[in-house]
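Chemist: Below are the chains, spelled out letter by letter.
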Amino acid sequence: MTQSRINMSNLTVENVYTRHKAKELTKKHFWKLLGMMLIVGVIVYGIMFAGMALLGLTNPDTASVSMDAAAASGEISPAFMIGYIVMMLVITLVGGGLGLGITSAMIDLCRGTETVTVGRVFSRMSQCLKAFGLSLWVGLKTLLWMLPGYVLTGVGFYFVIRTGDEMLTTLLPLCSMILLFALTIPAVYRYMLSTYILADKPDTGVFACVNESKALMKGHKWQAFKLVIPTLLILYGLMIVFVLIVALLLAVVVDVSAALTVILAILFFVAFFGLVLYFAIRVGLAYCVFYLNRQGEGDAEEPAAEAAPAE
Amino acid sequence: MSLKQTVENVYIRQDAVLLARRHFWRLLGMMLLLTSVTFTADRLLTSIGDVINGAEIRAVLDALHTLNTSGHMTSSAPLMEAIAALLSSPKFWLFNLCYILLTWLLSQGLTLGRFAQEIAAAKGDTPRVLGIFSRMDCCVKGIGIALLTDIKIGLWLLPGIAVCGIAAEMQGYGQVAVSTLMSMLGVGLLFGLGIPAAFGYMMAPYILADEPDRGIRECVTLSTGLMKYRKWQYFKLCVPMLLKIVGVLYAEMLVLSLLMTAIGANPDPIVETVSLLVILLAITLPLVYFGLQMDMACALFYLKRKQPAVDAKSSYWLQDHPIPNTPAASSEEPPINDTK
Numbered sequence: 002m003t004q005s006r007i008n009m010s011n012l013t014v015e016n017v018y019t020r021h022k023a024k025e026l027t028k029k030h031f032w033k034l035l036g037m038m039l040i041v042g043v044i045v046y047g048i049m050f051a052g053m054a055l056l057g058l059t060n061p062d063t064a065s066v067s068m069d070a071a072a073a074s075g076e077i078s079p080a081f082m083i084g085y086i087v088m089m090l091v092i093t094l095v096g097g098g099l100g101l102g103i104t105s106a107m108i109d110l111c112r113g114t115e116t117v118t119v120g121r122v123f124s125r126m127s128q129c130l131k132a133f134g135l136s137l138w139v140g141l142k143t144l145l146w147m148l149p150g151y152v153l154t155g156v157g158f159y160f161v162i163r164t165g166d167e168m169l170t171t172l173l174p175l176c177s178m179i180l181l182f183a184l185t186i187p188a189v190y191r192y193m194l195s196t197y198i199l200a201d202k203p204d205t206g207v208f209a210c211v212n213e214s215k216a217l218m219k220g221h222k223w224q225a226f227k228l229v230i231p232t233l234l235i236l237y238g239l240m241i242v243f244v245l246i247v248a249l250l251l252a253v254v255v256d257v258s259a260a261l262t263v264i265l266a267i268l269f270f271v272a273f274f275g276l277v278l279y280f281a282i283r284v285g286l287a288y289c290v291f292y293l294n295r296q297g298e299g300d301a302e303e304p305a306a307e308a309a310p311a312e
Numbered sequence: 252m253s254l255k256q257t258v259e260n261v262y263i264r265q266d267a268v269l270l271a272r273r274h275f276w277r278l279l280g281m282m283l284l285l286t287s288v289t290f291t292a293d294r295l296l297t298s299i300g301d302v303i304n305g306a307e308i309r310a311v312l313d314a315l316h317t318l319n320t321s322g323h324m325t326s327s328a329p330l331m332e333a334i335a336a337l338l339s340s341p342k343f344w345l346f347n348l349c350y351i352l353l354t355w356l357l358s359q360g361l362t363l364g365r366f367a368q369e370i371a372a373a374k375g376d377t378p379r380v381l382g383i384f385s386r387m388d389c390c391v392k393g394i395g396i397a398l399l400t401d402i403k404i405g406l407w408l409l410p411g412i413a414v415c416g417i418a419a420e421m422q423g424y425g426q427v428a429v430s431t432l433m434s435m436l437g438v439g440l441l442f443g444l445g446i447p448a449a450f451g452y453m454m455a456p457y458i459l460a461d462e463p464d465r466g467i468r469e470c471v472t473l474s475t476g477l478m479k480y481r482k483w484q485y486f487k488l489c490v491p492m493l494l495k496i497v498g499v500l501y502a503e504m505l506v507l508s509l510l511m512t513a514i515g516a517n518p519d520p521i522v523e524t525v526s527l528l529v530i531l532l533a534i535t536l537p538l539v540y541f542g543l544q545m546d547m548a549c550a551l552f553y554l555k556r557k558q559p560a561v562d563a564k565s566s567y568w569l570q571d572h573p574i575p576n577t578p579a580a581s582s583e584e585p586p587i588n589d590t591k
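Those protein sequences? They're chains A and B, same order as listed.
For what it's worth, the numbering used here labels the leading residue of the first sequence as 2, then goes sequentially.
For what it's worth, the numbering used here labels the leading residue of the second sequence as 252, then goes sequentially.
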């Protein structure tokens, strides 16, 4: 057995334990984390609705049309645009700070070292500017990795237009798409842990977070990619079954009672939303455990307890 | 499903990949030999059938030719008569019965031989290509096992079929809501009872291939015992491999379709033929490669269920893969001894 295959085998087993731990933590802390996510949702959407309402009051001409329609008809005033940009900036800053708070809470829940309350979601609001800077810097670095793919696409279009060659028309977009995926996806995973590092160690600088993420993810990008695939497949399967059952029930109930149909539709929406949130929390916790494993804070007791031979 | 079972699956798949690579050409040779023997037998029996039923078949073909050339509806009567004559011929039914029985016996014997060689590879021995003929004496037992398991699975499917039948009746009486609910229940019962039953009897051919002296009922009973609380584990064992096959085929189709579009305007027949051969190989090779891995995984799973203790010859069981004390996996982990 080659060394790389042994490592791959160990990383796969580590993923199994990570997913198991995430599942256990989700069961234990689901309502707490759900509360945090609902708070974030209410605040972010509250700002958005309040912002749109305020923009509507200050710019009555554009209040009655949608953004797209207003942009198409050229009716958007400069004041409206500035107000809109400011609103999106506020949402990004507040959302970033709250997101860091949830991530920090999840990391501490994974450590199991302290009691985490729902109010922890506000614990990283002071880092919202740093979070914004980090997302900009990571976005820029990822964009740079995407450039070769885009350049090849541009060159390809140029040659296709100039020569009209059918083979080039087919091959160049294919090559540029492959290059785009081959460079961008590893880049995304390379910088994936920078948010977790900032949430866990808020004194770390933006560049230090990115560099530490690069170092931690070296040799583990494929492991991170494979980590959540089974969970996402389970979610996908459950959603299909769920939608099929509800669709059949709705088809039966719609002829019986309109009120019952509405109640069923509301219940379906709530259950569907709950299912998605449950798995979102589970995936988030899985990545937090993965982050802790990379930091060398993996749980030593649980694997040892499972090390007894089967049967 | 316990954590230990999931970890066991990981190691079984890893070992299956290694074994499939190590014995790739032998396993491929076995598959090719099996396919060519069954294909040849099929062609031979079909030719014999054409000779035995020659007159009736010729009559049908002549009537068909006449119908195609004349194009009148009234001319279909001779065709119907010729088909009726063929179908009412005793030698037609007798030959087809013999054909089904012989091909079934042959395929069962060869499949059991293939399983026996895969189990031998999983135990650490070297599989032999001609070993697919090693279980031809068990072909009747193989058919017996197939029939018994089909009957048992059919019995498990009965509740679902009954409920679906009642649902269809309700539909006829205009009870749409009740019919829909009962159909859902029926389908749920079909899957909920049928699939676990099918998995429960899955190990029976492996048991017969490994221990040919066992009886049919003994193999089926043992299979049920081995698969107790392991059906979900077995299902999850195969899912990643199936996903690999689907992923590779999907990526290949994408690339090949673009390539074919690029060279499709080329009228050169040689390029077209080569392209078609490349496509055929591109589709077949991943199926064969990953298919062999799945076969080895099933054989390893069978051995693991049969022999909870570590097999002395095998290198890759759970005790040879110590679960790391810290989940952090890195190159600092001590290498696992490869005794092979």
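Be aware that a few hints might be false.
Said to hold, decoys possible - Where chain B lies over chain A, by a calculated footprint (3+ residues, C-beta under 8 Å): (1) 145-154; (2) 171-179.
What the hints assert, rightly or not - Chain B is nowhere near these chain A residues, computed Cβ spacing over 12 Å in every case: (3) Thr27; (4) Phe50; (5) Thr93; (6) Leu137; (7) Pro187; (8) Phe208; (9) Ile246; (10) Leu250; (11) Ala252; (12) Ile264.
It is worth saying that the hints were derived from the structure and are not from the lab.
C-beta: ideal position from N, C-alpha, C; glycine also.
Chemist: Evaluate each hint against the coordinates.
Modeler: The hints, checked one at a time:
no.	hint	in the structure
1	145-154	violated (count 0)
2	171-179	holds (count 3)
3	Thr27	holds, 15 Å
4	Phe50	holds, 40 Å
5	Thr93	holds, 34 Å
6	Leu137	holds, 31 Å
7	Pro187	holds, 17 Å
8	Phe208	holds, 25 Å
9	Ile246	violated, 7 Å
10	Leu250	violated, 8 Å
11	Ala252	violated, 6 Å
12	Ile264	holds, 16 Å
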